[in-house]
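Enquirer: Sequence:
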Amino acid sequence: MKLLALLVGLLSPLAHAGVFTTERVQTYPSDWPQLSGMSDTCVEVQGSFVDPNSWRWEREEKGAKYGGTREAAWITFGLPAQDVLSEDPKVKSRTFTISIDSEQSVTVKYAIDENVVASRSFAKGKWSCGKDGLTITTLDRSGGVLDKLPNEGHTIRRSTIYRLNEYVYIKTLYETKARVFYVVPQSFLDVAWFRFAEIPK
1 MKLLALLVGL LSPLAHAGVF TTERVQTYPS DWPQLSGMSD TCVEVQGSFV DPNSWRWERE
61 EKGAKYGGTR EAAWITFGLP AQDVLSEDPK VKSRTFTISI DSEQSVTVKY AIDENVVASR
121 SFAKGKWSCG KDGLTITTLD RSGGVLDKLP NEGHTIRRST IYRLNEYVYI KTLYETKARV
181 FYVVPQSFLD VAWFRFAEIP K
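Numbering (our numbering), first residue to last: 1 to 201.
No wet-lab data here; the hints were simulated from the structure. Be a bit skeptical, because a hint or two may be false.
Listed below are the simulated DSS-like cross-link pairs for lysine-lysine, each with C-alpha atoms no more than 25 Å apart in a straight line [unchecked claim]:
1) 177 with 148
2) 131 with 92
3) 171 with 126
4) 201 with 92
5) 171 with 109
6) 177 with 109
7) 62 with 90
8) 201 with 177
9) 126 with 148
10) 92 with 109
11) 177 with 126
12) 124 with 92
Please take these sequences and the hints and turn them into a complete structure.
Expert: See the structure below:
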């Protein structure tokens, strides 16, 4: 118990100084079009799109790749990696469909080689439509939210979908605030942008 008190005493000043705050915020790509003109019902996000499920690297040096972000729709909707066979090189095509039903639920269906392998529905209380697009909450959890050390906090993940012409643009926000050992504050913020092409009709 004395060791824990000593550890907390040593770490608290660092935490309050922002040492245990991690932020990775991607700005909207400058070569993408301005997002404007979507309706106040967001119904135009509906459609079928291609998921490349590929890696986007920030830089490469001597054959090594750094700062990778996976361009994958299944991540933005909180679908399990094992359900969509995320690492299977034999998959020929990956697509997903967004629809809004008469009960105002947003449903995402994910298909591999034209066979649906995963789906997820978001009830009206889990999504909203605003000037930024259709925002869904893919995770909202309290309690132990970090993998290591005893902790308590809150994690929320949201994806905002905007449709413009033949693409959907998705902004993901992952935010976690916790207290390690129930005392030392620690926070994480990750914001990323994705773009997926519509399947030609």
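Enquirer: The structure should be examined with respect to each hint, and the outcome stated for every one.
Expert: A quick look at each hint next to the structure:
no., hint, result
1, 177 with 148, "holds, 14 Å"
2, 131 with 92, "violated, 36 Å"
3, 171 with 126, "holds, 16 Å"
4, 201 with 92, "holds, 19 Å"
5, 171 with 109, "holds, 19 Å"
6, 177 with 109, "violated, 31 Å"
7, 62 with 90, "violated, 28 Å"
8, 201 with 177, "violated, 44 Å"
9, 126 with 148, "violated, 29 Å"
10, 92 with 109, "holds, 17 Å"
11, 177 with 126, "holds, 21 Å"
12, 124 with 92, "violated, 34 Å"
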